[in-house]
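Asker: Here the protein sequences line up with chains A and B, keeping their order.
So for the first sequence, the numbering used here puts the first residue at 8; every next one is plus one.
So for the second sequence, the numbering used here puts the first residue at 2; every next one is plus one.
A hint or two may mislead.
Straight-line C-alpha distance at most 25 Å; calculated DSS-like pairs for lysine-lysine [stated by the list, open to error]:
| # | chain 1 | residue 1 | chain 2 | residue 2 |
| --- | --- | --- | --- | --- |
| 1 | A | K129 | B | K333 |
| 2 | A | K51 | B | K187 |
| 3 | B | K11 | B | K85 |
I should point out that these hints are in silico values taken from the structure, not numbers from a laboratory.
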Amino acid sequence: MPTTLEHADLDAMIADLPSREGDRVIQLREAIREAMAHEMRQDKRVFLMGEEVAYYNGAYKVSEGMLDEFGPERIIDTPISENGFAGLAVGAAMYGLRPIIEFMSWSFSLVAADQILNNVPKMLYMSGGQWGCPVVFRGNDGPGGQLGSTHSWSVEALYSNVPGLKIAIPSNPYDAKGLMHTAIRDDDPVFYLESERILADKGHVPEEAYAIPFGRANRTREGEDCTLVSFGRPVHFCEQAADMLAEEGITCDVLDMRTVRPLDSEAIFDSLKKTNRIVVVDQSWPFGGVASEVISQVCEKAFDHLDHQPLRVNSDDVPTPYAKNLEQAFLPNADKIIAAVKKTLG
Amino acid sequence: MPKRTAYTAKIEHYQILDENGELDTRLAKNTLTDEDVVFLYEQMSISRHYDEIAFKLQRSGRMGTYPQNKGQEAGPAAAGLVMKQRGSVDWIAPCYRENLALFLNGLPMESILLHWMGDERGNKIPDGVNILPMAIPIGTHPLHAVGLGWSAKYKEEDRVGVAFFGDGATSEGDVHEAMNFAGALKLPCVFFCQNNKWAISVPSSTQTASETFAQKGLAYGHHCVQVDGNDIFACYKIFKEAIDRARMEHKPTFIEALTYRLGDHTTADDARRYRDQAEVDEWAKKDPLIRTRKYLENKGLWDDDRQAQIEAKAKEIVSRVVKNAEGIEKPKTSDFFDDMFAVLPDELVRQRETMRTSVLGQRPQTETLAGQPQHA
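Pulled out of the complex, with its shape left as it was, chain A reads as follows (with noise of 0.2 Å):
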């Protein structure tokens, strides 16, 4: 038999959390670095490797003044070779180690597709239970503004489709150095993403180290009416529109989901079973989506507590437009989930 984790040990983790309240206010890039600075402080076997992560500082500025502290031994900088730190990383995986490993964009991650979909999800159950692959994959999903087609990915509806994966993607930095701690210290791969248009939004980050535990919701506000259900930068929308109905009288549960993979059904549940009403928000392509996921547990298990069909606002089914209007038009935002909560309040 497996080990398992039991639902009762989650809720012990999630009540032992610091305080999201107070002043110690840091940009989110600050949060990722300080919770990966503090494991390797304490972990010799981790190590941050990609494109420009020691040098440089990182292309986002992550990793600054990693190099300074811990050396070009434990930060260090690959060719541009993305298949070839990812292979690297699961051989380093599978000696002991515990690779961080930076894609300076998750749209890079697509020529290391062998790697990290059919080697690093896979090996634990390949090698019948000898080996995981505790790796760290992380750095910038989703459209970060003009960057064109090729560079403004949101990989997560496509690689939450591989069994064997963990996702997370934070919305704030609070969550962003809880979940990081959470990623390191994981016996399974991570891949763990952030969106380039929040990495300098602010907030409260406990000095301490705390880890926020994988598939559990965070409910970052309280309504009657409609349950939002989004992850990583579209919460902000989620709050935007939750504000702006909320002065209509109409008021939204809305979900962080933070993981994805596990995706905390259970919370969604819940909440629906007092809204009766839920509109998913996901900026990656509608077509077997995680909305599209979210939707079908909901199909199945909740369909009882459904007051109107469920609604879900994704990105166009396009290519993700290089024109900034265009670009503008193709993401979701709160005006788009405003006509979706009013939709299904009929």
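Please build the complex by placing chain B on the supplied structure of chain A, with the hints as guidance.
Answerer: Below, chain B without anything else, positioned relative to chain A:
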């Protein structure tokens, strides 16, 4: 000077034991002892028998598919012995045509049969054995060997990451990224390329315009060398030097071992459809077992009695191995959730307990849907 030669290169080819069993004693110095040669000949004989039995198991429906190693035993045997003599501390990232290198370094012979019989447990490597699961996709695993070499360097341990792959794998980008990493990051790695002339049905001439496969490593700063891959002396000497170069200088070596796939690509293939029998016959004369036996007989180290003994021993060993592999209890359906994660998440616990991934579950005929009995 407006024009100069920026770079020149040459690839050396080594042969120490020729196909007639004649030894170049000068080059053979400090390589294999008589005892080593007898040991390798015996191991190659056992491996050859294992190969034949595996082929028969497949033909009689007791195994899914199997890639014969026939004709390519010398390189893996010699390289395997080098690593065995070092205490099997080096890490091996194999593909599927170097069984002997794995057997010599601790992989139970049952494992490979079990794998090809279609059981993930064939790739469950015993603790303390430094061998990765066989990589069946082509060329994806040299990167893992690079990671292993990188880790050895990071942990300051005296180990080398060794990748075995074929000529066909050098057409994959992954292999070149692995070679570049090993060179650029100065890693203790050895790339052992068995050039058996055929990538399934595609001949080397279609794979590359290079004169040799060995030269492919030059661009990545490797030490590059070509050996007669059916010659245990040359393979031993060059592989040992490569291991030492990796350990002492953190310089990778790319070895091209010239050999020939005497069998089909796998049991799912019929090579008669695309290659001339004359070519196969020619290479059969260069068989590593034949030349090694000739050498031993010339030295008075082998005779028909000993041959009969090793053949009987091979039968006894392989028969026991087949029995063990076929005797393992079949996995239960619920087992397939167990190796998904180190700690199973709630959702998989639920799926395991209910045996339901979907609403229907794994055995829909025993379930009911909407209260109606379902029929198988």
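Asker: Are the hints correct? Go through all of them and say.
Answerer: Tested hints:
no., hint, verdict
1, K129/A <-> K333/B, "holds (19 Å)"
2, K51/A <-> K187/B, "holds (21 Å)"
3, K11/B <-> K85/B, "violated (31 Å)"
Violation of the numbered hints given earlier is confined to hint 3; every other hint is satisfied by the structure.
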